[in-house]
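Asks: Sequence:
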Amino acid sequence: MTSRIKRGVISDWWWGVDRWFLAAFLTLLVGGLVLSFAASPPVAERIGLEPFHFVKRHAVFLIPSALVMFGCSLLSPRGVRRAALIMLAVSMGLMVLALFFGTEIKGARRWIDLGPLNLQPSEFMKPAFVVICAWLFAENQRRPEIPGNLFALILLLVAVALLVAQPDLGQTILVAGAWGGLFFMAGLSWLWIAVLGGIGAGGALLAYVAFPHVASRIDRFLTGEGDTFQTDTAREAIMRGGWLGQGPGEGTVKRMLPDSHTDFAFSVLAEEFGIVTCALLAAIFAFIVIRGLQVALVQRDVFNRLAIAGLVLLFGLQSIINMAVNLQLMPAKGMTLPFISYGGSSMLAVAVSAGFILALTRRRPENRSHTDRLLERTWQMHSPA
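Under my numbering, think of the first position of the sequence shown as 385, with each following residue one higher.
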């Protein structure tokens, strides 16, 4: 048993970690594995693989993801900043390489082929980007002579340029939305927010004009005309599931969904386990965001406050986009559901985000209560010399 008096690295971690966050993240990890048994076999059979191919790969990534989350949760706030800076530099460098040497899939160059793994660097760029922008905003507040806000804006422009070049408009919206949330929480003027909001709206209009596939998806969403097979099938799966679902393995509509194991795993969950289970899953995501914002609000350190809020905002926005697409509340966009959808890069990157959240919300030994310090002194007085 881990002693609360005789402290070590693991003991400090166990008594300091936010167990509500830990329980929520572990529930999502296990839930994603369970759902992969329902969502992925039809896809594997359709493309000529053995039925549990994706289930096995999901399980293989589960253990490294848990270890990455645990390892990141051991970091100090300074360690989180350093790790994020290294990850941001490496991931952006790999994103540049992907534009020239990456694997092209459906007209986009987002992946780097590493043999058994297709790495998507932009997934790892997102949490690192949020942490570094939080640090820049915090430094600008602490030392106004440092143009942290300007550097954060330049970093946003670089990240957006790389994502648009791939192209990946969904991740662009996600990154810009998280940055905008940080900008707002940093207490900057409404004039700046209005100006940047106008620029964002102009960028969305430009994307509609410049990218035919973006215009096509928006037009299909607004008019219902054209190829809406995936979204219509996803809606049918949700409707067929009803309140309590058809039962594990009993779904039939899921067999027609091309991306049932990735972008439309939420619809498979609805068909087999029902709307009630989907509501519980949405409640877990909402809990993580709300608790994150509550914890961030009481942080004394500005960096901790902004980084925690930015990371849970990123987590929540990605979840909302995925579920909204499944429910036909947004135009179709490839966006994984954190920890639930299949995808090695996505799972590992979300594990990094979760680890950073656990690290930044962890109670430190130097901040422990008076009772803890009294117990430690008592133990030291009565321990053998």
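FYI, nobody ran anything at the bench for these hints, they're computed from the structure.
All residues carry an ideal CB built from backbone N, CA and C; glycine is no exception.
Any given hint could turn out to be false.
[What the hints assert, rightly or not] Cut-off 25 Å, straight-line C-alpha distance, at most; resulting in silico cross-link-like pairs (SDA-like, lysine to any residue): (1) Lys717 to Leu589; (2) Lys490 to Gly400; (3) Lys490 to Gly608; (4) Lys490 to Leu590; (5) Lys717 to Ala588.
[Unchecked claim] Restraint-style ranges between C-beta atoms, simulated for each label pair: (6) Thr411 to Gly582: 32 to 42 Å; (7) Glu634 to Ile538: 23 to 33 Å; (8) Glu488 to His437: 21 to 31 Å; (9) Ala578 to Ile538: 16 to 26 Å.
Asks: Does each hint hold? Answer for all of them.
Replies: Against the structure, the hints:
no.	hint	verdict
1	Lys717 to Leu589	holds, 17 Å
2	Lys490 to Gly400	violated, 45 Å
3	Lys490 to Gly608	holds, 23 Å
4	Lys490 to Leu590	holds, 21 Å
5	Lys717 to Ala588	holds, 14 Å
6	Thr411 to Gly582: 32 to 42 Å	holds, 40 Å
7	Glu634 to Ile538: 23 to 33 Å	violated, 53 Å
8	Glu488 to His437: 21 to 31 Å	holds, 23 Å
9	Ala578 to Ile538: 16 to 26 Å	holds, 20 Å
Comparing the model with each numbered hint stated earlier shows that hints 2 and 7 do not hold.
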